[in-house]
Structure formats: structure tokens, C-alpha cells
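Student: Here the sequence shown is numbered in the working numbering, starting from 134 and rising by one per residue.
Hint data in this document are derived by calculation from the structure and do not stem from the laboratory. Warning: the hint list may mix true and false statements.
[Said to hold, decoys possible] Below 20 Å or equal to it, Euclidean Cα-Cα: the simulated PhoX-like pairs (lysine-lysine) are: (1) Lys358 - Lys309; (2) Lys331 - Lys254; (3) Lys371 - Lys323; (4) Lys353 - Lys343; (5) Lys343 - Lys186; (6) Lys293 - Lys343; (7) Lys353 - Lys156; (8) Lys293 - Lys268; (9) Lys343 - Lys309; (10) Lys288 - Lys309; (11) Lys221 - Lys168; (12) Lys323 - Lys273; (13) Lys343 - Lys358; (14) Lys254 - Lys156.
As the structure is a computational prediction, the values presented were derived from the model and not from experiment.
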Amino acid sequence: MTRLSLIIGTLFTCTSLFGQTDKNIEISLLGRYDKHANYVSNFADRVYNDTNKLYGFSYGINGIYRRKISNSTFIYLGLGYYQLRIAKIRGPIPYNIPGTRTARNINYDDGSTNLLYSTSKYHYNDLAITIGFEKTFLIKRNLDFDVGTEVIGYKTISQKYSLLDGSKHYETDNDKPFEFGVNLNAGINKEFKRFYLKPSLIIPVYQNLKGDKVFYEDPKMNISKWFDGIGVSIKIGKYL
């Protein structure tokens with residue numbers, strides 16, 4: 134968090150040095166599909182490991198402050214909510230047993246039966262902090278093509294796991310270390326009389342998640358991926 138605070142402070146300082154007064158506020162709605170992981174994990178020191186391929190469609194909403202730093206470039210800062218979802222789990226069954234594993238065992242005690250529960254879908258509720266840079270290219274009056282890159286930090290607030298056939302859920306608020314991702318964006322900015330609308334394509338470049346203790350993973354472990362995702366966003370903005 135200290136590094137992120139330093140970066141945000143530096144960006145705010147830089148914006149104050151420019152003579153440009155063009156400022157915007159935006160609301161961004163986004164959705165993206167990712168293959169989140171392909172990695173090996175061990176549940177409770179078993180004699181075998183699990184290979185986990187995790188997929189899901191995630192979504193979020195952000196409030197963004199955007200400031201011009203030249204005639205065609207902007208920087209922006211965003212704060213919002215992101216729900217990172219795992220909706221499909223795939224992996225081989227141990228000991229070369231034919232078939233495909235579609236769930237993960239989970240450290241959950243129901244207080245009575247003490248069954249070995251598993252989950253086939255779960256999600257993380259995250260606070261999302263975005264720092265981005267954007268360049269615009271004029272197509273015609275009131276229509277621009279925008280390209281940019283952004284770094285997003287994720288701080289998990291809570292988690293929810295679906296148990297059994299989905300009729301039961303396990304909710305936790307386990308702390309996780311800071312996670313982050315890097316995206317490329319490309320879209321069209323259409324200006325209207327009092328606002329502008331910007332649909333964009335999101336290309337996830339890099340993502341680094343951390344281990345989850347309910348799967349007996351070390352929270353400090355890194356679960357990284359390059360690309361393997363696609364998303365879209367719609368921003369509604371207003372000039373200040």
C-alpha cells in the first residue's frame with residue numbers, strides 16, 4: 134500500500150504542474166472474461182498436488198478523475214468496486230483416474246458433520262484503485278479514438294464460496310495481500326452536448342493474484358498470468 138500511495142501522490146503532484154485546465158469525471162462500468170490461473174496447489178499437505186485452471190466473468194464499477202496533460206494525452210485515477218469471479222474449475226483427477234475435476238476442496242467446518250466440502254464457483258469482493266494514461270486521436274468533430282494503459286490494484290474485502298450444489302454458501306473476510314493487473318484499452322469517445330460516452334475494449338496484459346488460505350495456500354504465493362482474457366467497458370463522462 135505504501136508504494137501505491139507514493140505513486141498516487143506523485144501523479145497528483147505532476148498534474149498540478151501543468152497549465153491545462155481540462156478535467157473530467159467519469160463513471161465506468163466494465164465486464165471481462167479471464168482464464169485466471171493455470172497452476173499447481175496442495176490442499177492440507179496431501180501426498181498429491183492439484184492442477185487448477187480457473188475461469189470466470191468478472192465485473193466492476195469505478196469513479197474516475199481524468200485530467201489533460203497535453204492537447205491529446207490524459208492521466209486518470211479511479212476508485213471503485215470489482216468482483217473477481219471464478220465460475221469454472223478444470224483439472225485432472227489425481228492418480229491418473231480418467232475424467233476432469235470441476236471443483237476444489239475447501240477448508241470449511243459446518244460445526245456438525247465436518248464433511249470435506251468443495252466449491253465449484255466463488256468470488257472475491259475487491260476495492261479497485263486505477264492509475265492510467267490515455268492518448269486520443271481525432272477522427273472528426275466530437276468523435277475521438279482513444280488508446281491507453283492502466284495499472285489496477287486490488288484489495289480484497291471479502292469472499293464468498295458456493296458449496297454443495299450451490300444451495301449453501303460460505304462467506305469470509307480473510308485478508309489477502311495486495312494484487313494487481315495491467316490492461317490495455319482502446320475505444321471510441323463520442324461527445325454530446327452535456328456529456329460524452331466512451332465504449333472501450335479491455336485487453337488484460339498481466340495479472341498477479343495471491344494465494345487463498347481457504348484452499349490452504351500461502352497468501353504470499355504469486356498466481357500470475359499473461360493475457361488470456363478480454364473485456365469491455367462503457368464510460369459516461371462530463372467535463373468540469
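Student: Against this structure, judge whether each hint is valid.
Tutor: Evaluation of the provided hints:
1. Lys358 - Lys309: This hinted pair holds, its Cα atoms lying about 18 Å apart.
2. Lys331 - Lys254: Distance ~32 Å between Lys331 and Lys254 Cα, so the pair is violated.
3. Lys371 - Lys323: holds (12 Å)
4. Lys353 - Lys343: Holds - the C-alpha atoms of Lys343 and Lys353 are around 6 Å apart, at most 20 Å.
5. Lys343 - Lys186: Answer holds: Lys343 to Lys186 is near 15 Å, not above 20 Å.
6. Lys293 - Lys343: holds (16 Å)
7. Lys353 - Lys156: Judged against 20 Å, a Cα distance of about 39 Å means the pair is violated.
8. Lys293 - Lys268: violated (38 Å)
9. Lys343 - Lys309: Holds, because 7 Å separates the two Cα atoms, which is no more than 20 Å.
10. Lys288 - Lys309: Holds. Lys288 to Lys309 sits at ~7 Å (cutoff 20 Å).
11. Lys221 - Lys168: holds (9 Å)
12. Lys323 - Lys273: holds (10 Å)
13. Lys343 - Lys358: Distance of about 12 Å is within 20 Å: holds.
14. Lys254 - Lys156: violated (41 Å)
In summary, the structure is inconsistent with hints 2, 7, 8, 14 from the numbered list given earlier, while agreeing with the others.
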